[in-house]
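What follows is the residue order along each chain.
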Amino acid sequence: MTDTDKEKHGKKMQSDGKMQKIMTGYYIDAKTAGETGKKVAWITSGGPVEPLIAMDIIPVYPENHGAMIGASKMGADLCQKAEEMGYSGDLCSYARADIACSVVDGGPIGGLPRPDMLVCCNNICGTVMKWYEVQARYYNVPLFILDTPFSHTKYTDEAKRYVQRQVEEYVTFLEGVCKKRLDRDRMEEVGRLSVEAQRLWQAVLDTAMNKPSPMTCFDAFFHLALIVTLRGTQTAVDYYRSLLEEMEQRVADGIGAIPNEKYRLLWDNLPIWYRLKWLSQKFAAHDACLVADTYTSAWCMSLRYMTDEGNFLDSMGEGYARAYLNIGVDEMIKIVLEMVDKYDVDGFVMHSNRSCKPYSLGQYDIQRAVQKERGIPSVIIESHMVDERSFSESQTETRIDAFMEMIGQKR
Amino acid sequence: MITAGIDIGSITAKAVVLSDDRMLGSKVAFSGYNAQQAGKGIFDDLLKELEMDASSIEKIVSTGYGRNSVTFADKAITEIICHGAGAYYLNPEVRTVIDVGGQDSKVLTIHSNGTVKDFAMNDKCAAGTGRFLEVMARAMESDLDDFGPLSLRSGSPSKISSICTVFAESEVISLIAKGESRENIIAGIHESVASRISSMARRVGVKEPVMMTGGVARNIGVVRALERALGVSIEVSEFAQVNGALGAAVMAVNL
Numbered sequence: 001m002t003d004t005d006k007e008k009h010g011k012k013m014q015s016d017g018k019m020q021k022i023m024t025g026y027y028i029d030a031k032t033a034g035e036t037g038k039k040v041a042w043i044t045s046g047g048p049v050e051p052l053i054a055m056d057i058i059p060v061y062p063e064n065h066g067a068m069i070g071a072s073k074m075g076a077d078l079c080q081k082a083e084e085m086g087y088s089g090d091l092c093s094y095a096r097a098d099i100a101c102s103v104v105d106g107g108p109i110g111g112l113p114r115p116d117m118l119v120c121c122n123n124i125c126g127t128v129m130k131w132y133e134v135q136a137r138y139y140n141v142p143l144f145i146l147d148t149p150f151s152h153t154k155y156t157d158e159a160k161r162y163v164q165r166q167v168e169e170y171v172t173f174l175e176g177v178c179k180k181r182l183d184r185d186r187m188e189e190v191g192r193l194s195v196e197a198q199r200l201w202q203a204v205l206d207t208a209m210n211k212p213s214p215m216t217c218f219d220a221f222f223h224l225a226l227i228v229t230l231r232g233t234q235t236a237v238d239y240y241r242s243l244l245e246e247m248e249q250r251v252a253d254g255i256g257a258i259p260n261e262k263y264r265l266l267w268d269n270l271p272i273w274y275r276l277k278w279l280s281q282k283f284a285a286h287d288a289c290l291v292a293d294t295y296t297s298a299w300c301m302s303l304r305y306m307t308d309e310g311n312f313l314d315s316m317g318e319g320y321a322r323a324y325l326n327i328g329v330d331e332m333i334k335i336v337l338e339m340v341d342k343y344d345v346d347g348f349v350m351h352s353n354r355s356c357k358p359y360s361l362g363q364y365d366i367q368r369a370v371q372k373e374r375g376i377p378s379v380i381i382e383s384h385m386v387d388e389r390s391f392s393e394s395q396t397e398t399r400i401d402a403f404m405e406m407i408g409q410k411r
Numbered sequence: 001m002i003t004a005g006i007d008i009g010s011i012t013a014k015a016v017v018l019s020d021d022r023m024l025g026s027k028v029a030f031s032g033y034n035a036q037q038a039g040k041g042i043f044d045d046l047l048k049e050l051e052m053d054a055s056s057i058e059k060i061v062s063t064g065y066g067r068n069s070v071t072f073a074d075k076a077i078t079e080i081i082c083h084g085a086g087a088y089y090l091n092p093e094v095r096t097v098i099d100v101g102g103q104d105s106k107v108l109t110i111h112s113n114g115t116v117k118d119f120a121m122n123d124k125c126a127a128g129t130g131r132f133l134e135v136m137a138r139a140m141e142s143d144l145d146d147f148g149p150l151s152l153r154s155g156s157p158s159k160i161s162s163i164c165t166v167f168a169e170s171e172v173i174s175l176i177a178k179g180e181s182r183e184n185i186i187a188g189i190h191e192s193v194a195s196r197i198s199s200m201a202r203r204v205g206v207k208e209p210v211m212m213t214g215g216v217a218r219n220i221g222v223v224r225a226l227e228r229a230l231g232v233s234i235e236v237s238e239f240a241q242v243n244g245a246l247g248a249a250v251m252a253v254n255l
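Each protein sequence line maps, in turn, to chains A and B.
Residue 106 in this note's numbering is what sits at position 106 of the first sequence, and the numbering runs on without skipping anything.
Residue 17 in this note's numbering is what sits at position 17 of the second sequence, and the numbering runs on without skipping anything.
Hints in this document: simulated from the structure, not taken from any laboratory.
Note that beta-carbon positions come from the ideal geometry of N, C-alpha and C, so glycine has one too.
Honestly, I wouldn't trust all of these hints.
[Unchecked claim] Take a look, some chain A residues computed to stay more than 10 Å from chain B by CB distance: (1) Ala30; (2) Lys73; (3) Gly110; (4) Gly111; (5) Ala225; (6) Asn260; (7) Ser315; (8) Val340; (9) Pro377; (10) Ile380; (11) Ala402; (12) Lys410.
[Said to hold, decoys possible] BS3-like mimics (lysine-lysine), calculated; alpha carbons at most 25 Å apart, straight line: (13) Lys75(B) to Lys282(A); (14) Lys357(A) to Lys334(A); (15) Lys262(A) to Lys75(B); (16) Lys262(A) to Lys211(A); (17) Lys81(A) to Lys410(A); (18) Lys410(A) to Lys40(B); (19) Lys372(A) to Lys342(A); (20) Lys178(B) to Lys410(A); (21) Lys372(A) to Lys207(B); (22) Lys12(A) to Lys73(A); (23) Lys154(A) to Lys342(A); (24) Lys81(A) to Lys31(A); (25) Lys211(A) to Lys282(A); (26) Lys372(A) to Lys12(A); (27) Lys59(B) to Lys75(B); (28) Lys357(A) to Lys73(A); (29) Lys372(A) to Lys410(A); (30) Lys410(A) to Lys59(B).
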């Protein structure tokens, strides 16, 4: 590789600045909602946001906020504060950080805007129900819970009817809080934009199939913010279209995300938000590119089950109910194996996240299946997504180094 | 070709000099506060003993917790790979290595060519490590070197939890207060260590022959408790404690 080649790889993406601007604008809108008369709903990361967008309600995500708290290395203080309030240290660190943040208005943006309502979908975990109940009491606002039955392998007709009935109740709930009717045409337009953004996001992630990959999962963790928060808006569609163009241009120019991609890896579980830079440098030093992950692709999962795009409200239920964390381990194994093949990876990095039990339970089974079916090495890193008190640098370093040496020995 | 391996562990530093597949000598010393000094110190001391000059060593590999502090090494390689290489050097038939050191315990399986197939390490807890045994020895006011022989005289090992070193220590103190025999408590401590390590070993999948390495392999009580827990016999070489350094010297040959 020539020096010029080295320079062109690992280059910062142009879209990074654009994303920061959009997110800043979004949080300013949300924080000034009281002055503009807009309503604010707090919603779980896997919850159906589209009806909120269609009703002109600003969706706010405590989990996205949790990620920001983690990335700003403010997690430990807030988690500790929650523990002082009486919450167990074994609880989710997003929940602890968010609950504490409400009381002290802490964190990188001085706390989230006060909600007018809470929308909780339990397709990602059970903790969210208690977490949102706590916040509903604290803010004294109405709470809507969308209960998505666990779909081990199938989505039964009963489950379908059960979820569908709740989607209708969800609309009634929003209409009650906002004192206005849902515009069904607008709803379909938002649905169309949501599906389009999901397709574009999947296409962005798929550019990592190229060798070298134009992006790493660390890039995906960053660019994920809009598909989570503004799914269903033109802003998200425009952003991902331009991000896709940038990735395709990088592929055309042969630009890799890391200077010398020798090994390709798959990441499992949430990011370790306060250690993203350290981890990305650690792997890059081994010429290893984490090309894909099971986490960021979860926001385009509903594409698999979107049977009737023209009727979003009636067909979104299955996609939400069959989210990655609401399916059985056998189904997860299928998805992971598909990703191993699709992105042609040499190894599997699993973050055993003490903070997220539904994501971490079953990891040993998935690890065994991947080793058996594809024969690629894997490593487990024990940590926490937000609470940096649980991270041990030297232990993590030894595991990663040994794992990379193992992959090297295999070659 | 003459190579050296230096293993800087959390409690002890180890060095080995190897000449064309023959071990010329080895040394163990406390790591102390300064890992860099520990590496230099033990290497110089071993060379002095062997009446050799540093210039006669062609390649050096460092390993262990302080591997990156050994600035004069040609390469740093993790203890996982090195323990595999060391065990393979001692017995090429070995397929599982259980290494229990000062602050880490790990289980690795190795391919027939000596490369590592898979590994598991203890998580952020000292239970199931040498440090756990040190804490217990202090609570028992016993010399750690006596732990092995004493435990073999136990008729009924005490039940001691394996979840946490601090909790286990307070359990031990309450057993002492109840007048439980030293032998039974120590045997219980070994079973606690063994239960922690055996569940990790099962996760990776134990394939015989099994070798135990690391400083804790010198404790016959732990070895026997592990054999019972896993239902396999475990071989321990006389070089168990320096196995990581030996593996590092072996890895240095192919640099």
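25 Å Cα cutoff - pair Lys154(A), Lys342(A): 24 Å, holds
Chain B versus Ser315(A) - minimum CB to CB distance exceeding 10 Å, so not interface: 42 Å, holds
Pairwise hint evaluation, Lys410(A) against Lys178(B), where the allowed Cα distance is 25 Å at most: Violated. Lys178(B) to Lys410(A) sits at ~54 Å, over the 25 Å cutoff.
Outside-interface status for Ala225(A) - nearest CB in chain B farther than 10 Å: 30 Å, holds
Claimed clearance of chain B by Ile380(A), with the beta carbon kept past 10 Å: 8 Å, violated
Closest CB of chain B to the CB of Ala30(A) still more than 10 Å away: 37 Å, holds
Claimed clearance of chain B by Ala402(A), with the beta carbon kept past 10 Å: 4 Å, violated
Straight-line alpha-carbon gap Lys372(A) to Lys207(B), limit 25 Å: Since the Cα atoms of Lys372(A) and Lys207(B) sit roughly 16 Å apart, the hinted pair holds (cutoff 25 Å).
Minimum Cβ distance from Val340(A) to chain B greater than 10 Å, as the annotation requires: Its Cβ never comes within 10 Å of chain B, the nearest being 16 Å, so this holds.
Given pair status - Lys75(B), Lys59(B), alpha carbons within 25 Å: 9 Å, holds
Restraint check for Lys410(A) with Lys59(B), where alpha carbons must lie at most 25 Å apart: Given that 25 Å is the threshold and the Cα spacing comes to 23 Å, the pair holds.
Distance restraint between Lys12(A) and Lys73(A), which requires alpha-carbon spacing of 25 Å or less: With a Cα-Cα distance of about 22 Å, the restraint between Lys12(A) and Lys73(A) holds, given a limit of 25 Å.
The earlier numbered hints that this structure contradicts are 9, 10, 11, 12, 17, 18, 20, 26.
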